[in-house]
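K.L.:
Full structure from sequences and hints, please.
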Amino acid sequence: MEQLLAALFQLFEPTHLAFLFAGTLLGLIVGILPGMGGTSGLALVLPFVFTMEPSHALAMMIGVLAPTTTSDTFPAVLMGVPGTAGSQATVMDGFPLSKKGMAARALSAAFSASLLGGIFGAFILSISIYYAIPIIMAFGFGEQFLLVVLALLMVGALTGDNLFKGIASCFLGLIIGSIGTAPITGDPRYTFNTLYLLEGVPLVVVGLGLFAIPEIVGLLDAKGSIAKSLNTKKGWLTGLKDVVKNWFLVLRCSTLGCLVGALPGLGGTVVDWIAYSHLKQTTKDTSQFGKGDIRGVIAPESANNAKEGGALIPTLIFGIPGSGNKVLLLGGFVLIGIEPGLDMVTTNLDLTYLMIWSLAIANILGAGICMGFSSQISKFTLVPYYILAPVMVCLIFFATFNINRDWYDFIGLLSFGILGITFKNFGWSRPALLIGFFLSSKVELLSYQTQAVYGLSFLSRPVSIILIILCLATIVLLTKQKFDNNYRSDRIKGKLTQIYYIVILLYLPLSMIWFTSSLDYRANLFPISLSVIALSLLVFILIIKIAELKNLPFLNNTLMKFARSNIFEISGNFNNQLFYYLSFIGFLLMNFIFGFPIAAALFINIFILFHNRKAYVSSICISAVLMVILWSLSSLLTLQFPNGLIGLLIDLPWWLGGQMN
Amino acid sequence: MSLFSFVSIGNADVNFAGKTVTWVVPFKEGGGTSRFARFIQPFLKKYLPGNPDVQIMHIPGGGAIKGSNYFEKNAKADGTFIFGCSTSVIVNVATGNPLVKYNLSEYRPVVLLPQNTHWFTRSDLAEPHDLSKIKERKLVLYALKTPASADLFHIWIYEKLGIKGAKPIPGLSSSGGYQAFLRGEIHLSSHGAANYVKKVKPEIEKGKVVDLMTLGIIGADGSVSRNPLAPNAPTFPEMYEKVNGKKLEGDDLEAYYAIGAAWSQASKAMMLPADASDEIVKAYRDAAIKMTNDPEFKAKAVKALGPFPLIIGEEAGEIIKKAAVFSDTTKKQLNAALKKHRFTYRVQ
Numbered sequence: 105m106e107q108l109l110a111a112l113f114q115l116f117e118p119t120h121l122a123f124l125f126a127g128t129l130l131g132l133i134v135g136i137l138p139g140m141g142g143t144s145g146l147a148l149v150l151p152f153v154f155t156m157e158p159s160h161a162l163a164m165m166i167g168v169l170a171p172t173t174t175s176d177t178f179p180a181v182l183m184g185v186p187g188t189a190g191s192q193a194t195v196m197d198g199f200p201l202s203k204k205g206m207a208a209r210a211l212s213a214a215f216s217a218s219l220l221g222g223i224f225g226a227f228i229l230s231i232s233i234y235y236a237i238p239i240i241m242a243f244g245f246g247e248q249f250l251l252v253v254l255a256l257l258m259v260g261a262l263t264g265d266n267l268f269k270g271i272a273s274c275f276l277g278l279i280i281g282s283i284g285t286a287p288i289t290g291d292p293r294y295t296f297n298t299l300y301l302l303e304g305v306p307l308v309v310v311g312l313g314l315f316a317i318p319e320i321v322g323l324l325d326a327k328g329s330i331a332k333s334l335n336t337k338k339g340w341l342t343g344l345k346d347v348v349k350n351w352f353l354v355l356r357c358s359t360l361g362c363l364v365g366a367l368p369g370l371g372g373t374v375v376d377w378i379a380y381s382h383l384k385q386t387t388k389d390t391s392q393f394g395k396g397d398i399r400g401v402i403a404p405e406s407a408n409n410a411k412e413g414g415a416l417i418p419t420l421i422f423g424i425p426g427s428g429n430k431v432l433l434l435g436g437f438v439l440i441g442i443e444p445g446l447d448m449v450t451t452n453l454d455l456t457y458l459m460i461w462s463l464a465i466a467n468i469l470g471a472g473i474c475m476g477f478s479s480q481i482s483k484f485t486l487v488p489y490y491i492l493a494p495v496m497v498c499l500i501f502f503a504t505f506n507i508n509r510d511w512y513d514f515i516g517l518l519s520f521g522i523l524g525i526t527f528k529n530f531g532w533s534r535p536a537l538l539i540g541f542f543l544s545s546k547v548e549l550l551s552y553q554t555q556a557v558y559g560l561s562f563l564s565r566p567v568s569i570i571l572i573i574l575c576l577a578t579i580v581l582l583t584k585q586k587f588d589n590n591y592r593s594d595r596i597k598g599k600l601t602q603i604y605y606i607v608i609l610l611y612l613p614l615s616m617i618w619f620t621s622s623l624d625y626r627a628n629l630f631p632i633s634l635s636v637i638a639l640s641l642l643v644f645i646l647i648i649k650i651a652e653l654k655n656l657p658f659l660n661n662t663l664m665k666f667a668r669s670n671i672f673e674i675s676g677n678f679n680n681q682l683f684y685y686l687s688f689i690g691f692l693l694m695n696f697i698f699g700f701p702i703a704a705a706l707f708i709n710i711f712i713l714f715h716n717r718k719a720y721v722s723s724i725c726i727s728a729v730l731m732v733i734l735w736s737l738s739s740l741l742t743l744q745f746p747n748g749l750i751g752l753l754i755d756l757p758w759w760l761g762g763q764m765n
Numbered sequence: 005m006s007l008f009s010f011v012s013i014g015n016a017d018v019n020f021a022g023k024t025v026t027w028v029v030p031f032k033e034g035g036g037t038s039r040f041a042r043f044i045q046p047f048l049k050k051y052l053p054g055n056p057d058v059q060i061m062h063i064p065g066g067g068a069i070k071g072s073n074y075f076e077k078n079a080k081a082d083g084t085f086i087f088g089c090s091t092s093v094i095v096n097v098a099t100g101n102p103l104v105k106y107n108l109s110e111y112r113p114v115v116l117l118p119q120n121t122h123w124f125t126r127s128d129l130a131e132p133h134d135l136s137k138i139k140e141r142k143l144v145l146y147a148l149k150t151p152a153s154a155d156l157f158h159i160w161i162y163e164k165l166g167i168k169g170a171k172p173i174p175g176l177s178s179s180g181g182y183q184a185f186l187r188g189e190i191h192l193s194s195h196g197a198a199n200y201v202k203k204v205k206p207e208i209e210k211g212k213v214v215d216l217m218t219l220g221i222i223g224a225d226g227s228v229s230r231n232p233l234a235p236n237a238p239t240f241p242e243m244y245e246k247v248n249g250k251k252l253e254g255d256d257l258e259a260y261y262a263i264g265a266a267w268s269q270a271s272k273a274m275m276l277p278a279d280a281s282d283e284i285v286k287a288y289r290d291a292a293i294k295m296t297n298d299p300e301f302k303a304k305a306v307k308a309l310g311p312f313p314l315i316i317g318e319e320a321g322e323i324i325k326k327a328a329v330f331s332d333t334t335k336k337q338l339n340a341a342l343k344k345h346r347f348t349y350r351v352q
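Note that the protein sequences, when read in sequence, are chains A and B.
Residue numbering for the first sequence follows the working numbering, starting at 105 and increasing by one per position.
Residue numbering for the second sequence follows the working numbering, starting at 5 and increasing by one per position.
Hints are supplied without guarantee of correctness; some may be wrong.
Okay, the calculated bits of chain B under chain A, using three or more residues with CB under 8 Å as the criterion [unchecked claim]:
1. 145-159
2. 166-178
3. 218-232
Have a look at the derived ranges for each label pair, beta carbon to beta carbon [claimed, not checked]:
4. A:Leu121 to B:Arg42: 19 to 29 Å
5. A:Val487 to B:Gly22: 38 to 48 Å
6. A:Asn680 to B:Arg42: 22 to 32 Å
Only pairs whose alpha carbons sit at most 27 Å apart, straight line, appear in this in silico DSS-like list of lysine-lysine [said to hold, decoys possible]:
7. B:Lys49 to B:Lys80
8. B:Lys70 to A:Lys546
9. B:Lys203 to B:Lys307
10. B:Lys139 to B:Lys344
11. B:Lys149 to B:Lys164
12. B:Lys343 to A:Lys546
13. B:Lys32 to A:Lys546
14. B:Lys142 to B:Lys164
15. A:Lys546 to B:Lys203
16. B:Lys171 to B:Lys203
17. B:Lys49 to B:Lys304
18. B:Lys149 to A:Lys546
19. B:Lys335 to B:Lys325
20. B:Lys212 to B:Lys137
21. B:Lys137 to B:Lys250
22. B:Lys212 to B:Lys171
23. B:Lys80 to B:Lys50
24. B:Lys171 to A:Lys546
Hints are computed from structural coordinates only; laboratory data are not their basis.
Computed from a prediction, not measured in an experiment: that's the story for all the values here.
Where a beta carbon is used, it is the ideal one built from N, C-alpha and C, also for glycine.
P.N.:
Right under this line is the structure:
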C-alpha cells in the first residue's frame with residue numbers, strides 16, 4: 105500500500121508527468137489517424153526511450169498506449185472509419201448517429217465510457233498484482249509452454265478473417281522469429297553469415313513495417329474519405345447522461361474487456377466485437393442497432409479501454425503479450441532493462457505501480473483532452489492524407505534509423521512493409537504474425553526446458569488441464585460469434601493474385617528447411633517442424649482457394665464451409681497501394697544519395713505537390729516545421745541522421761547528416 | 005589513428021578542457037555495464053584534467069560484438085574515446101568468436117570492477133556448504149543461458165566438482181533461472197553479488213535456501229580469499245580440495261585463474277584503446293584513484309557497484325590478458341566439458 109502511494113507521488117513529479125503527458129498526446133494523435141494504433145505509436149517511440157530513465161520511459165510508453173482507444177472514436181464517428189482496430193464496432197452505431205447530427209452525443213458518450221472502462225481496467229490490474237505471486241509460482245515451464253502455445257492458437261484462430269489463414273500467419277511469424285542464433289547450440293540460422301541477422305530481425309522494424317506502412321498506403325489509396333467538420337456544439341450533456349443511464353452496461357462491458365484482454369495474445373481486434381454482440385444478446389429491443397443506438401457506442405468503447413489493464417496482466421507476470429501492442433511494450437521493457445515475471449511483483453513493484461497509475465491518469469488525461477478540445481481535435485480528420493502521409497513516412501524512417509543506426513534496418517522496414525501490405529490486402533493476420541514472431545524464441549526455449557524437466561508428464565498437471573479446457577472453450581465460443589458474417593465471395597476481384605501470393609509465401613518455409621537442414625538437430629528441429637506445419641497449412645489453403653475459384657462441389661458440406669469462409673479478401677486497389685509503396689523506396693534511395701535531412705525535405709515537397717500543385721505553401725511550411733522538430737529532437741537525444749553518399753564526399757554539418765562531434 | 009598518437013606523444017600535459025569523451029558501451033541501456041558507466045561518468049568529468057563532458061554511447065547488438073568492433077574501428081587514441089567492457093566482451097575474445105575484430109588484450113585498462121558468483125541450493129536438497137547430497141542425485145538441473153556465454157564456465161565448475169547428474173537447462177537468464185529455482189524446477193542456482201544480496205539472502209534467512217560456495221576473490225599474488233558477503237561459504241578451490249582430496253593445481257588451477265579473471269576480476273571494466281599514450285593512461289588512472297577517495301563515491305559505491313574494491317593500475321592489464329587469452333590447456337578443458345554435455349559449440 106505504501107508503495108502504491110509512493111508510486112503516485114513519483115508520477116506527480118514534473119518530469120514524470122511531462123513524459124506521461126507527451127506520451128498521451130502522441131497516443132491521442134496516433135489514435136485519430138485512421139488505422140494507426142498503439143502498435144505503430146509505440147514502435148515510433150521505442151527507438152528513443154532507451155536513452156531515458158526506466159520510470160520516465162514507462163510513463164511515456166503507457167501514455168502512448170492508453171488513449172489510442174479513446175481518440176480513435178473521432179474517425180469512427182465522424183468518418184465511419186475505425187481509428188484503431190479496437191473501434192471497428194464503434195462505427196456500427198457511431199457513424200449513423202453522426203449522420204443523424206448527433207455526433208457530439210456519440211463522442212461524449214464514447215469518451216466517458218472509455219474513461220470509465222480505462223480506470224476499471226487499471227483497478228482490476230492493481231488487484232490482480234496482489235495475487236500474482238502464487239500464480240507465478242504455480243506456472244512452471246510446462247504451464248508456461250502451454251500458455252504460450254494456446255495464446256498463439258487463439259490469436260491465429262481469432263484475429264484473422266479466416267481461421268486457417270490466421271493460424272498460418274502465426275506459424276509464418278514463428279518461422280521469422282526463429283531467424284538468428286539458435287538458443288541451444290549457438291548455431292546461426294538463416295543469417296546468410298551476416299552480423300545483422302545474428303540477433304534476429306529487430307522488433308521495431310517488424311512492428312513499423314507490418315502496421316504503420318500498410319495503413320499509410322491504405323489510406324492514401326482510399327483518399328476519398330474525408331470527414332465533414334464537427335458542427336454540433338449541442339449533445340455533450342446527452343452523451344454523459346446516456347452513460348450514467350447505462351452504468352450497468354459499462355460495468356459489464358468493462359469486465360468483459362478486462363477478461364478478454366487478460367487472455368494472452370487476444371484483445372485489440374476482437375474485444376469490441378465481443379462487447380457489441382454481448383450487447384445485442386442482452387437487449388430486448390434490437391431494432392435500432394446499426395442505425396444509431398447510443399448503447400452500440402458505449403459497449404465497445406468501455407470494453408476496448410478496459411482491455412488495456414487486463415492485457416497488462418499476462419504481459420507483466422509472464423512476459424506473454426496480452427495484445428498486439430503489448431509486444432512492443434515488452435520490447436520496450438527489454439530496452440530499458442526490465443524483465444517481466446516475479447521481479448515485477450517483488451523487487452520492481454514500484455515500477456508496476458507506476459505503470460498502473462500512468463494507465464489511470466493517461467485515461468483521464470486522454471478523455472479530458474478529447475472532450476475539452478473536441479472541435480479542434482476533430483479538425484485533424486479534415487487534413488488530407490497526402491499531407492500527413494509523407495510526414496509520417498519521414499518520422500518512421502527517422503525512428504527506424506535510430507534503432508541501430510544501421511542501413512539494413514531500412515531494407516527490413518520496407519520488406520516487412522510489403523509483407524504487411526499484402527497481408528492486409530489478402531486477408532492474412534498481421535497481429536498473429538507479430539505475436540508469433542515475438543513469441544518464437546520463447547516457444548522454442550520453453551519446449552526444451554519443459555522436455556528437460558518434465559518430459560510429457562506436464563500435460564497431466566492440474567493447471568495444464570485447466571488451461572487446455574479454458575483455451576478450447578474460448579476458441580469455440582469466440583469463433584462462433586466472430587464468423588457469423590462472411591463476405592460474399594463473388595464480389596471479390598483479383599482472386600488469382602491471391603492464389604499466386606501463397607506460392608510466394610511457400611518460399612519462406614521451404615528455404616528455411618533448405619538452409620537449416622545441415623545444422624545440428626537441436627538447432628534445426630524447431631524451425632523445420634514449424635516449416636513443415638506452415639507448409640501443410642499453406643498447401644491446404646491453396647487447395648481451398650483453387651476449389652473456391654473453380655467452384656468445386658466438395659466445399660459445400662458444413663465442415664468445409666468453415667474452411668472456406670472468407671478465404672479470399674476484398675482488397676482495396678492493390679496496384680495503387682503498390683505505387684505508393686514504390687515511392688517509399690524512392691525516398692530510401694534519396695536518403696542514400698543526399699542523407700536524411702535533405703531527402704526528407706525533398707520527399708515531403710515532391711509528395712504533396714504531386715497530389716496538389718497549389719499546396720506549395722503548406723508543403724514548404726510542413727517540411728520546415730518537421731525539420732525543426734527533428735533537429736531539436738536530435739540535439740536533445742544526441743541522435744544521428746542517416747548520412748548519404750554526398751555526406752561521404754563533402755563534410756556536412758550535423759544537421760544535414762554529418763558527424764555529431 | 006597513428007596520427008593522433010603522434011600528436012599526443014609531444015604533449016605531456018594532458019588536458020581535456022572543452023572536449024567530449026565518448027564512452028562506448030556495447031550493450032543496451034539499463035544493463036550492468038551501462039549502470040557501471042553511468043555511475044562513474046560524473047566522477048570522471050570531475051577528476052579528468054580539464055573536466056571534459058563525458059557522454060555514453062550505447063551500441064548494442066551481435067552479443068556485444070557490434071559495439072566492440074565499432075570501438076576498435078572508430079576510437080581515437082587521444083583519450084576522447086573509452087570503452088565499457090564486461091565479461092561477455094572478454095568471453096567473445098577468449099572463446100575465439102570469428103566475428104570479433106577488436107584486439108582486447110592490447111587495450112589499456114583504467115579501472116576493473118570485480119564481481120563474485122555465489123552458488124546455492126534448496127535447503128531440502130543439501131546441508132549448507134556441502135555438496136555430498138547433490139553429488140548423489142541422478143539429476144541436478146541448472147540454468148544456462150547459452151554455451152557461447154560466460155555461463156559456459158558453470159559446465160566446467162560442475163564437471164570439476166564431480167557432480168555427475170548436472171544437466172544444463174538452456175536459454176534461461178539468471179533471473180528466469182532463479183524463478184525456476186524458487187518454483188522447485190531446477191536444483192542448483194547462482195547469482196552475482198548484487199542479486200545475491202537483494203534476492204537470495206532473504207530466502208536464506210527464511211531457511212528455504214542454503215549457501216554452497218562462492219567463486220572466491222583472487223588477489224594480485226594469486227591467493228584466493230573468501231567472499232565477505234558469505235564469509236562462511238567455502239571458495240571454489242576449497243570445495244575442489246574437499247571433493248577431490250587434492251589441492252587445486254596444474255591445468256585446473258590455470259583454468260580457474262583464467263575463468264576467475266574473465267568472470268570475476270574483470271566483470272566490468274573501463275578501457276582506453278591499445279594505442280593510447282602512457283600519459284593519457286596515467287591521467288585516467290590518476291583520475292580513477294582520486295575518484296575512489298571522493299567522499300561521495302565512498303558513500304554510494306558499495307550500494308551501486310558492490311562490496312569489492314576497484315582494481316586500478318598495471319595489475320589490471322595483466323588480468324585482462326589472462327582473461328582474454330585462454331591457454332590451449334584451458335580451452336581443451338572447456339571443450340571437453342562442452343563435448344560431454346553434447347554441445348556442438350566449441351571454444352576456438
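K.L.:
All the hints need checking, so say for each whether the structure fits it.
P.N.:
Structure-based check of all given hints:
Interface restraint, the segment 145-159 of chain B with chain A: holds (4 residues with C-beta to C-beta distance below 8 Å; minimum three). Judged by the Cβ-Cβ criterion of 8 Å, the segment 166-178 of chain B is covered by chain A as claimed, because 6 of its residues qualify and three suffice. As drawn, the segment 218-232 of chain B meets chain A at 0 residues by the rule of a beta-carbon pair under 8 Å; below three, the given contact is violated. For the pair Leu121 of chain A and Arg42 of chain B, the beta carbons lie near 24 Å from each other, so the given range of 19 to 29 Å is met.
Take Val487 of chain A and Gly22 of chain B: their Cβ atoms lie about 46 Å apart, and the range 38 to 48 Å holds. Distance hint check for Asn680 of chain A and Arg42 of chain B: the Cβ-Cβ separation is about 50 Å, which falls outside the suggested range of 22 to 32 Å. Distance hint between Lys49 of chain B and Lys80 of chain B is fulfilled; the C-alpha atoms sit about 18 Å from each other, no more than 27 Å. For a cut-off of 27 Å, the pair hint linking Lys70 of chain B to Lys546 of chain A stands: about 24 Å separates their Cα positions.
Between Lys203 of chain B and Lys307 of chain B the alpha-carbon distance is near 15 Å, which keeps this suggested pair within the 27 Å criterion. At most 27 Å may separate the alpha-carbon atoms for a hinted pair to count; Lys139 of chain B and Lys344 of chain B meet this at roughly 17 Å. Restraint check: the Cα-Cα separation between Lys149 of chain B and Lys164 of chain B comes to about 20 Å, which is no more than 27 Å; the hinted pair holds. For the hint linking Lys343 of chain B to Lys546 of chain A, the alpha-carbon distance of about 26 Å falls within 27 Å, and the restraint holds.
Straight-line distance between C-alpha atoms of Lys32 of chain B and Lys546 of chain A comes to about 20 Å, which keeps the hinted pair within the 27 Å bound. A distance of roughly 17 Å separates the Cα atoms of Lys142 of chain B and Lys164 of chain B; the hinted pair therefore holds under the 27 Å criterion. Distance restraint check for Lys546 of chain A and Lys203 of chain B: the Cα-Cα separation of roughly 24 Å lies within the 27 Å cut-off, and the hinted pair is therefore satisfied. Distance restraint check for Lys171 of chain B and Lys203 of chain B: the Cα-Cα separation of roughly 24 Å lies within the 27 Å cut-off, and the hinted pair is therefore satisfied.
Proposed proximity of Lys49 of chain B and Lys304 of chain B is supported: the alpha carbons are some 17 Å apart, at most 27 Å. Taking the CA atoms of Lys149 of chain B and Lys546 of chain A, the gap is near 13 Å; set against the 27 Å cutoff, the hint holds. Taking the CA atoms of Lys335 of chain B and Lys325 of chain B, the gap is about 15 Å. The hint holds against a cut of 27 Å. Distance check on the hinted pair: Lys212 of chain B and Lys137 of chain B sit about 16 Å apart at the alpha-carbon level, within 27 Å; holds.
Using a Cα cut-off of 27 Å, the hinted pair Lys137 of chain B and Lys250 of chain B holds, with the two alpha carbons roughly 20 Å apart. Between Lys212 of chain B and Lys171 of chain B the CA atoms are separated by roughly 22 Å; this keeps the pair inside 27 Å, and the hint holds. Of the pairs offered as hints, the one joining Lys80 of chain B and Lys50 of chain B holds, with about 22 Å between alpha carbons and a cut-off of 27 Å not exceeded. Among the hinted pairs, Lys171 of chain B with Lys546 of chain A is consistent with the structure: their alpha-carbon atoms are about 20 Å apart, no more than 27 Å.
Of the hints listed earlier, those the structure fails to meet are numbers 3 and 6, in rising order.
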